[in-house]
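Here our numbering is used: the first residue of the sequence shown is 205, the next is one more, and so on.
There could be a bad hint or two in this list.
Straight-line distance between alpha carbons at most 25 angstroms, and here's what the computed BS3-like set of lysine-lysine pairs gives [said to hold, decoys possible]:
1. Lys300 x Lys284
2. Lys284 x Lys302
3. Lys284 x Lys297
4. Lys288 x Lys234
5. Lys222 x Lys208
6. Lys234 x Lys284
7. Lys297 x Lys280
8. Lys280 x Lys234
9. Lys234 x Lys222
10. Lys220 x Lys234
11. Lys208 x Lys234
12. Lys300 x Lys288
13. Lys220 x Lys208
14. Lys302 x Lys288
Since the hints were made in silico from the structure, they are not lab data.
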Amino acid sequence: YRLKVIDYFEQLNLCKLKVVEWNFLVECIKVMEPLALDKLQGEKSCYLGYVASTVITIRNLLMEQNHLVYCASLSKAIIKGLEKRYAFIFDLKDSKSKPYI
Numbered sequence: 205y206r207l208k209v210i211d212y213f214e215q216l217n218l219c220k221l222k223v224v225e226w227n228f229l230v231e232c233i234k235v236m237e238p239l240a241l242d243k244l245q246g247e248k249s250c251y252l253g254y255v256a257s258t259v260i261t262i263r264n265l266l267m268e269q270n271h272l273v274y275c276a277s278l279s280k281a282i283i284k285g286l287e288k289r290y291a292f293i294f295d296l297k298d299s300k301s302k303p304y305i
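Taking the hints into account, I'd like the entire structure generated from these sequences.
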């Protein structure tokens, strides 16, 4: 993707990205990539067990990225949002979590 971005910047007569800006973009992609799923948008193929395992996997992937420099707060915010929205998946004592067990 780097070559495409460079090409687009040249076509648009924009300044080249600095190393720090590239590093930020690469890190941002690493954080956002697990969320860019079409799998959870399927109306017919999206089951409760699939949702639970996908949400847990996304959370674990984000938690493993402890080397972040620029997007650590973004990663933490996404994890916090997942934990809030899907608390019943992470807290198996919750009555809403029974379909996922």
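Verification of the supplied hints:
{"no.": "1", "hint": "Lys300 x Lys284", "verdict": "holds, 19 angstroms"}
{"no.": "2", "hint": "Lys284 x Lys302", "verdict": "holds, 22 angstroms"}
{"no.": "3", "hint": "Lys284 x Lys297", "verdict": "holds, 19 angstroms"}
{"no.": "4", "hint": "Lys288 x Lys234", "verdict": "holds, 22 angstroms"}
{"no.": "5", "hint": "Lys222 x Lys208", "verdict": "holds, 16 angstroms"}
{"no.": "6", "hint": "Lys234 x Lys284", "verdict": "holds, 17 angstroms"}
{"no.": "7", "hint": "Lys297 x Lys280", "verdict": "holds, 24 angstroms"}
{"no.": "8", "hint": "Lys280 x Lys234", "verdict": "holds, 13 angstroms"}
{"no.": "9", "hint": "Lys234 x Lys222", "verdict": "holds, 19 angstroms"}
{"no.": "10", "hint": "Lys220 x Lys234", "verdict": "holds, 21 angstroms"}
{"no.": "11", "hint": "Lys208 x Lys234", "verdict": "holds, 18 angstroms"}
{"no.": "12", "hint": "Lys300 x Lys288", "verdict": "holds, 13 angstroms"}
{"no.": "13", "hint": "Lys220 x Lys208", "verdict": "holds, 12 angstroms"}
{"no.": "14", "hint": "Lys302 x Lys288", "verdict": "holds, 17 angstroms"}
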